[in-house]
Amino acid sequence: MKRINVGHRAQTFALGVLAALLLAFLVIPIGCLILGTSWSQFWAGLGHPLASPALKLSLWTSALALVIVVTLGTPLAWLLALGRGRVSHLVETLVVLPVVIPPAVAGLALLLAFGRQGPFSNWFSEERGSLALTTSAVVLAEVFVSSAFFLQAALAAFRRIDARLLIVARSLGASPFQLFFRIALPLAGPGLVGGAILCFARALGEFGATLMFAGNLQGKTQTLPLAIYTAMESDLRAAQALSILLLAVALALFFGVRFAERRSHASVEGRL
Amino acid sequence: MNEPGDLSFSVRTPLGTLALDVSLQVAAEAPLVVVGPNGAGKSSLLLTLLGALPVREGRIQIGADELLNTQSGVDCPIELRRIGYVPQDYALFPHLTVRQNLEFAVRCSAVPATRFERREQVEAILHDLQLSSLAERRATALSGGEKQRVALGRALASRPRVLLLDEPLAALDAQARYEVRLFLAEYLETLRLPTLIVTHDPNDAQVLGKRVAVIEAGSCSRTLTWAELCQAPTSRFVSEFVGRER
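So the protein lines, in turn, are chains L and G. In this text, residue positions in the first sequence follow this note's numbering: the first is 82, and each later residue adds one. In this text, residue positions in the second sequence follow this note's numbering: the first is 263, and each later residue adds one.
DEER-style ranges, computed between Cβ atoms:
hint, chain 1, residue 1, chain 2, residue 2, range
1, G, 376, L, 257, 17 to 27 Å
2, G, 336, L, 141, 48 to 58 Å
3, L, 108, G, 406, 44 to 54 Å
4, G, 382, L, 257, 21 to 31 Å
5, L, 267, G, 376, 17 to 27 Å
Every beta carbon over 10 Å from chain G, so not counted as near; a handful from chain L, in silico:
hint, residue
6, 84
7, 86
8, 91
9, 130
10, 132
11, 197
12, 315
Derived by calculation from the structure, the hints in this document are not laboratory data. The beta carbon of each residue, even a glycine, is placed where N, CA and C say it ideally should be.
Produce the complete structure using the sequences and hints provided.
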């Protein structure tokens, strides 16, 4: 009888050890975050004065950022998906760039564009001065860092559509709106939903650009991640409770994306 | 100028390593079947007529209406050509029902119609193509032969002036192919639209086409009847195609 020899087993074992190290490193902090608290501490933490305003602010600014990104980003992604030329390649690179731009850099860039010294500063009254340090700045920062996640997913979803469907639709005489609303949108729909969820999750977790551009003003620009940062200085339990809350939302969104992706492939293969 | 008329064209354009160079005429009363070996440019020819592939040099005309003339710079966009196209695997809109597939085409049509007329038109096509009982089914839940009829109906629903069918029977099994072929031959007879059919199947050429054109290595410029093709095979491909290889 043939047997896997000892050398092979040792090699598999070595690979397994390396893999297990990273896995452990990833899982342990999450475990500590969740297990290092009790229900009563968790509820007490959520009752922290920073918690409720920050949660509300986070949810509605992220939702508004999402609406802005989807409304403006869907046509952009569709036009880029149709485009073949050099210009559309260039624009595509530009719009997905925020994925790799560090949030602190994005925050500074936004400050330079929309702050007191920016080109739009004379649009604002003397006492307002600029958008910086306002709730609008929170939304702008979220749009800036999260749009690329939606655009990438939307582009991929539009490109997965069978080109022949689009040729047939156009040969039937479809107008650009008919092609977009009746054919492209429904077929790319699940992929767009997946992208929207990713975009919302990114906006919800946004920290660096918001801190730089909008500041950390309680009730005005202090979103949940900023509240965690602030709470940590005085009350670690509260920070922990808020983190678990944010983690739970993120996990829910993650499974939402998974579900949307599965639907997306089904719709393209016509199994929907 | 939108009177139905013959389709005539002459297109020359590079296609990968191939040079497509085809000049043909299709009359309303005589469907033309285009045959040729794989990779000879048959499907690409249809796409150039449709306006989905660019043409370097040429002219496409339906009756007196010029769709393309590279010399005078005329290039009618695909949406306005009013050419009905049935691609090889039918490309039905998978998220729509049979009725919605037809409704989409009717609504897109360049021919103005009231809501009532549009509904009548959909019903008429459903009836003519024996699709009434399938109207509410998803396009993905149909057999090959049914899909073929929906794709044909959808192309017709936009009131085209010319019909292009790419391998209309290739996706069907042998039994269905025989039945659908006879149905299609009869139905095309009643339409009296200039029709161009691409196929690799000699039976299709014999039954569906009044005229046959052979594309080899991208070029073709004359049409024959099936009998003429059989009598004087012009190439090895043709003699094999008509079954005269001995």
